[in-house]
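K.L.:
Next come the chains, spelled out residue by residue.
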Amino acid sequence: MGEKHRVARTQRLELMTFALVCWLTVSAPAAEPQVREAELKRVEVIERVAPTVVAVFAKGGAGGGSGVLVSKDGFALTNFHVVSGLGPFMKCGLNDGVLYDAVLVGLDPTGDVALIKLLGREDFPIATLGDSDKLEIGDWTYVMGNPFLLATDFQPTVTYGIVSGTHRYQPPAGTWLEYTDCIQVDTSINPGNSGGPLFSSAGELVGINGRGSFEKRGRVNSGAGYAISINQIKFFHDQLKAGRVVDHATLGATVTTDSDGGVVVNGILESSDVFRRGLRSGDELVSFAGRPVRSVNQFKNILGIYPKDWMLPIVFRHEGERREIHARLRGLHAKTELMPGPRPQPKPRQPMPKKDKDGNPEKTPDLPLPPRPDPHAEVAKQAIPEQWKEWFVTKAGFANYRFNQLEQDRVFAPLKGLGDFASAAGSWRLSGQSATGDKFELTLAVKGIGLEIRDSAFFQQLEDTDPADEPPGSGGFLIAAHQLRLLLQTGSKAFTECHYFGSEPLDGRGESVDVIVTTLGAIETRWFFSRSSGLLLGMDSRLYEDAEACSVRFENWIDFNGRRLPATWMVTSGEKEFATLKVAKAELVGKK
Amino acid sequence: MKIENCKLKIDGQPLAPNGLLVSAAVVRRRLLSACSHRLVRFAICILQCSIFNACVHSFAQAQTTRNTIAVVQPKVVKIFGAGGIKSLAAHGTGFFVSKEGHIATIWSHVLDADLVGVVLSDGRRFSARVLGAEPQLALAVLKLNGAEGVEFPFFNPDEAVSAGTGTRVLGFSNMFNVAAGDEPVSVVHGVIAAKTIIEARRGVFDSPYSGPVFVVDGVTNNSGAAGGVLTTRDGMLLGMIGLELRNAKSNTWMNYAIPVKELSNSIQQIISGKFERKKDPNEDEPSLKPRRYKPLDFGFLMVPDVVERTPAFIDSIQSDSAAAKVGLKSDDLVLFINDELIQSCRMLQDAIGRLESGDQLRLVVRRGNELVTVEMPVPRKKD
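Residue numbers (my numbering), protein chains in the order written: chain A, 1 to 592; chain B, 1001 to 1383.
No lab work stands behind these hints, which were simulated from the structure alone.
Check each hint, because a few of them may be wrong.
Dumping the calculated DMTMM-like pairs for lysine to aspartate or glutamate here, alpha-carbon to alpha-carbon at most 20 angstroms [said to hold, decoys possible]:
#1 Lys-585(A) with Asp-559(A)
#2 Lys-1294(B) with Glu-1244(B)
#3 Lys-72(A) with Glu-204(A)
#4 Lys-1249(B) with Glu-215(A)
#5 Lys-582(A) with Glu-452(A)
#6 Lys-216(A) with Asp-1114(B)
#7 Lys-416(A) with Glu-577(A)
#8 Lys-300(A) with Glu-321(A)
#9 Lys-300(A) with Asp-1182(B)
#10 Lys-1274(B) with Asp-1158(B)
#11 Lys-72(A) with Glu-37(A)
#12 Lys-216(A) with Asp-1158(B)
#13 Lys-439(A) with Glu-215(A)
#14 Lys-300(A) with Asp-1122(B)
#15 Lys-585(A) with Glu-545(A)
No experiment lies behind these values; they were computed from the predicted model shown.
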């Protein structure tokens, strides 16, 4: 009986043990692996992206911030307000424990972005750029950087939180540091995090952290941090890489909300491109750059992410009629405002918020996070390191002209392959038929330009005469053709000023093209080069600032006696076609 | 036999979308047919189960948070009203508690206006008036004007839930008025760090509300955040975000929400018009306080009395007045009147109101870092 009992008890015990083991191995892990999985994923992401995070220091350690590497040869993004005042050279630490020399490349004071280049390696680890427009509220994000300059070994500090808002607008301090279409996160951002990366949960770079809302709790995270969207930075990236001090766009018109909630133009500059394209006071904006315009705030938000001088599509309603135009946008600042030198410091918050027209208080600017000064550091003299001195070239209007020279060399290189134009110093005669069947002859002589077409003749003298809109309504096609001749024959030296602008979508709707800007007297020409083939795709030449440009688009570069020239010239001005010229014969005379 | 049971349990996991279940089942069958050993089969079962669960869970979680936010945000509104001076924000947050457009929010100075502006998450604008308030619960209920026939997404306060320490939560509010345009409010994440009771008292913790609260580890309570909602990760209503609360000694701030369970009765009563305000035991019996004199009788004006305890700052001085003669200045903070400590504009009005002709009025004011004492005679009143 007792024996039987014992056996039963042993069996019961075995059963219970088995049940317990089952329960432990099945139920408990059912909850834990997902936690472990998520944790492993975070660890993996952090390990993968941490090597791309940069700790930025002023020479001598008198302040600093964060940054992130975006190209193997060392280009890194950071905030304008981090590098402002650091001088052309700085020190940057990576999580390999090495301190690298770095040089300033480009500045975007309005957007609070700067591009620097770490020197000494061609195989830097780089972050993958994500699509910040795909972020949704609630998505997890990582902030990495050097808050409070804690990381003496340059291992970035990692914080983790969610996206609190997308497409946010944070007003500027003065006219600088305006955060448009930015990302709001509850991920902890503190002084020193400025310029560092915001990564998506997949480890893609989606923003550059730059400011937070601080009110009464001191200068520490208060649950609202803001990052400049990477999609905005992509628009400016080529301009920054060209060593420029870039500017953001403005419409050339002011807008307000009408009684029906529409966004309506209430003031417009008559010298602006939008005015020349037909936008008038009282017109209602429908869409801008392909995004519908719903409110003044939201319009400012869309406008603010675009560079000055880009051409963008605008749809508006004029007296009930829907119109679509492509207009080149003006700059937010005068050129002189963007000159290097001491910059306006952001003002502290206004204690009395102003009211907007709806009676809601206008938002007061939040202070950006400044580099945290180290009180013990001595201010080091800005001695340019001997080893790197060729990496920095000063020129008015540029953050570092050296990088513009490099880009110009790159873009102009394919021109040499077109043939020997330098020896063709005499008259150039191009003839053929226009698309409408009219015979034409274009003569580019040293002292003047002539065009005969449809029994008419037009002439532009090049000496002792002001450049004119010849043929009338073409925007100055004769002068434009002369600019092309100068470029082919002499190159950039033919012009008073020449720089690489960056990239832009051709005509506001086409492929992304490299842009060179030249000036000769008052004549400004934008040259568009294919980024794949290197070929010259077109030019926009204006006789003076705010004049309607003459746009020439080139196709079919063919060989004319050893020199390649475009066989098709499409000439338009103000979106109106002037003529399409098909060149059949080109005679380029050597010495006159 | 037992292993089979195990498998059943695994197959019975109701978490997966159908496609996932099918493909997982196929993989499992192939694996199982390849090995005959029971233990191996058992191990595979467990391994599969965990990998599978992990995938499904993380996918499901990402989806729930996005969905929760998409469902909750249209129920939360931005409120614009009085304020905008010193550090008093003129914006706040509220949430719909009925489909007819009743909004629950925090009882604060923002509502000290005849009409307040309400902006919905999609940018629609309405005006609203205060239908009723329960200051002891820091609760006010608004009703949208001109919203007849419009239906709004809302939280039913009777369906508010409670949650324990460690529950993961989301906070929704127009903190810092970041969402000033036609955009939804900000969302922050956190965990319930404690459930506790705060007491209304003056001094270190000056709280207008006393009662149970959820304390949160995330920064939910910022300027303008009060009146927002705290929900679980799956969007169940937990609490209403309270006013900013600071410990004056440690200069630390508390992040908390008032459980909506505590408020739902009052909300329903205010909506139905049957509301009877609970009597505040601390409240003085209303008495007929004499108001014989006003600050203007001495030639100065106080700042607008916008909150319960507006600091007694002098706003302006009339030229050629008694106040101008003794050298009072705007922005002077009145600390004492005839040795009586003055803590607010209201106390100052009372103290001046009690003066009688022939008295001396002695003021101690703080000007910057110094204390200044001035004295002037109380003028004779012509009644």
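K.L.:
Confirm or reject each hint.
P.N.:
Against the structure, the hints:
A C-alpha spacing of about 10 angstroms is found between Lys-585(A) and Asp-559(A), which places the hinted pair at or below 20 angstroms, so the restraint holds. At roughly 33 angstroms between alpha-carbon atoms, Lys-1294(B) and Glu-1244(B) are farther apart than 20 angstroms, so this suggested pair is violated. Of the pairs offered as hints, the one joining Lys-72(A) and Glu-204(A) holds, with about 16 angstroms between alpha carbons and a cut-off of 20 angstroms not exceeded. The hinted pair formed by Lys-1249(B) and Glu-215(A) meets the criterion: a straight-line CA distance of about 19 angstroms does not exceed 20 angstroms.
Distance check on the hinted pair: Lys-582(A) and Glu-452(A) sit about 14 angstroms apart at the alpha-carbon level, within 20 angstroms; holds. For the proposed pair Lys-216(A) and Asp-1114(B), the alpha carbon gap of about 29 angstroms is over 20 angstroms, so the pair is violated. For a cut-off of 20 angstroms, the pair hint linking Lys-416(A) to Glu-577(A) is broken: about 31 angstroms separates their Cα positions. In summary, the hint linking Lys-300(A) to Glu-321(A) is not supported, as the alpha carbons are separated by about 24 angstroms, beyond the 20 angstroms threshold.
At roughly 13 angstroms between alpha-carbon atoms, Lys-300(A) and Asp-1182(B) fall within 20 angstroms of each other, so this suggested pair holds. At roughly 17 angstroms between alpha-carbon atoms, Lys-1274(B) and Asp-1158(B) fall within 20 angstroms of each other, so this suggested pair holds. As the CA atoms of Lys-72(A) and Glu-37(A) are separated by approximately 31 angstroms, the hinted pair breaks the 20 angstroms bound. Taking the CA atoms of Lys-216(A) and Asp-1158(B), the gap is about 36 angstroms. The hint is violated against a cut of 20 angstroms.
A C-alpha spacing of about 72 angstroms is found between Lys-439(A) and Glu-215(A), which places the hinted pair above 20 angstroms, so the restraint is violated. Our distance criterion of 20 angstroms between C-alpha atoms is met by Lys-300(A) and Asp-1122(B), whose separation comes to about 18 angstroms. The hinted pair formed by Lys-585(A) and Glu-545(A) fails the criterion: a straight-line CA distance of about 34 angstroms is larger than 20 angstroms.
Hint compliance for this structure: hints 2, 6, 7, 8, 11, 12, 13, 15 are not met, and every other hint is.
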